[in-house]
Amino acid sequence: MHRTGELYGQFQTLEQQKESATLGMWVFLITEILFFGGVFMAYTVNRHAFPTAFGVGGNMLDLKLGFFNTVVLIASSFTMAMSVWSAQTSRKKAVPAWLIATLILGSVFLGIKVVEYKQKFDHHLIPGHNFDVTYCSRNQVACGLDDKDLAKEQKEIREGIEAERFPGASEEEATVALNAHSQLYFSLYFGMTGLHALHMVIGAGLLLWLIIEGLKGRFDANYNTPVENIGLYWHFVDIVWIFLFPLLYLINRHLA
Amino acid sequence: MAEHKEHIVSPKIYIVVLTALLLGTGVTVWAAYIDLGRWNIVLALTIAVTKMTLVILFFMHGKYSSRRTKLIIASGFFWLAIMLVLTLADYTTRHPEPSRSHLAPAPTLQSEVGSVRSS
Numbered sequence: 346m347h348r349t350g351e352l353y354g355q356f357q358t359l360e361q362q363k364e365s366a367t368l369g370m371w372v373f374l375i376t377e378i379l380f381f382g383g384v385f386m387a388y389t390v391n392r393h394a395f396p397t398a399f400g401v402g403g404n405m406l407d408l409k410l411g412f413f414n415t416v417v418l419i420a421s422s423f424t425m426a427m428s429v430w431s432a433q434t435s436r437k438k439a440v441p442a443w444l445i446a447t448l449i450l451g452s453v454f455l456g457i458k459v460v461e462y463k464q465k466f467d468h469h470l471i472p473g474h475n476f477d478v479t480y481c482s483r484n485q486v487a488c489g490l491d492d493k494d495l496a497k498e499q500k501e502i503r504e505g506i507e508a509e510r511f512p513g514a515s516e517e518e519a520t521v522a523l524n525a526h527s528q529l530y531f532s533l534y535f536g537m538t539g540l541h542a543l544h545m546v547i548g549a550g551l552l553l554w555l556i557i558e559g560l561k562g563r564f565d566a567n568y569n570t571p572v573e574n575i576g577l578y579w580h581f582v583d584i585v586w587i588f589l590f591p592l593l594y595l596i597n598r599h600l601a
Numbered sequence: 376m377a378e379h380k381e382h383i384v385s386p387k388i389y390i391v392v393l394t395a396l397l398l399g400t401g402v403t404v405w406a407a408y409i410d411l412g413r414w415n416i417v418l419a420l421t422i423a424v425t426k427m428t429l430v431i432l433f434f435m436h437g438k439y440s441s442r443r444t445k446l447i448i449a450s451g452f453f454w455l456a457i458m459l460v461l462t463l464a465d466y467t468t469r470h471p472e473p474s475r476s477h478l479a480p481a482p483t484l485q486s487e488v489g490s491v492r493s494s
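So the sequence lines, in the order shown, correspond to chains R and A.
Residue numbers for the first sequence follow the numbering used here, so the first one is 346 and each next one is one higher.
Residue numbers for the second sequence follow the numbering used here, so the first one is 376 and each next one is one higher.
Any given hint might turn out to be false.
Said to hold, decoys possible - Here are the computed lysine-lysine pairs in the DSS-like style, where the Cα-Cα straight-line distance is at most 27 Å:
no.: 1; chain 1: R; residue 1: Lys363; chain 2: R; residue 2: Lys437
no.: 2; chain 1: R; residue 1: Lys438; chain 2: A; residue 2: Lys387
no.: 3; chain 1: R; residue 1: Lys438; chain 2: R; residue 2: Lys561
no.: 4; chain 1: R; residue 1: Lys437; chain 2: A; residue 2: Lys438
Hints in this document: simulated from the structure, not taken from any laboratory.
Construct all of the structure, not just a fragment, from the sequences and the given hints.
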């Protein structure tokens, strides 16, 4: 069945029909806000408990890649908004063009994320048996660090171990504590960015469908509800990243 | 087909919002390197909330939606606030010191030290 924007029986006006669709999408997004909210809550509580280890972990992320990805995702929100505008003003050819731009930017984001994950894998920062937060401070070549970066890394680990040294603890015990708590950070890092990336993948699938339908010229001023609602979803995923970026990458940089 | 009364946001506004968002991203990275003590996190989150507000109001057309939709949007953040505020009220007042009890059992600790050393 192809929907074309005619008025359905249960609505009195087209505005009412449109508003119901928007309202319904927002209700779904609220469940998403609370879903991600729970994960952010877990992050906050654990960061509150282990601020040093979370700081050490956060400073091990690649800020350049994170910053680049933030710019890419914000740009993709803009192109998404432009595709909605194209549909609303019946620029039928521009709709799929802006959507394709959005899909490309979204794919670039996911590609960069793969590079970042691979880097963490090489640096022994994947939670599990081989997790070792001190790895890069002891393996300069494997982590590709120059002398300055290595000194920074060693200083951070040293200070982290000092801060984790609870009364009566030996250096080894403090190292274990730092390792355990920074592993908690990286579990949350992969959990949060992974959940976000999953939303991006779903968004990319939805975009693909919109592009196919858009190329057929289905979306115009009379009927653009799918473009608008998937747009809302895409912007929501952008908002999640707007919070993930400072929380995961930034807030301990001033101590580095 | 009857005319929609929906508000169409012009590309000019989208470009202004895009610029503001990119600017905010730049500022938040720049500010992260200045040592403001505990205020770093406050500043970072203030910028993030500002960026979110811009996205909701303009990209997501929140500013132009019906009062009913606005109420739904606000209610979402209200429920989120309940979760954050009440949970934090508990966690920030319950333990004077973070618990380290999970490190207590000696045999586990020894084996963990061994694995850190050998890797």
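Sort out which numbered hints this structure fails and list those numbers smallest first.
none
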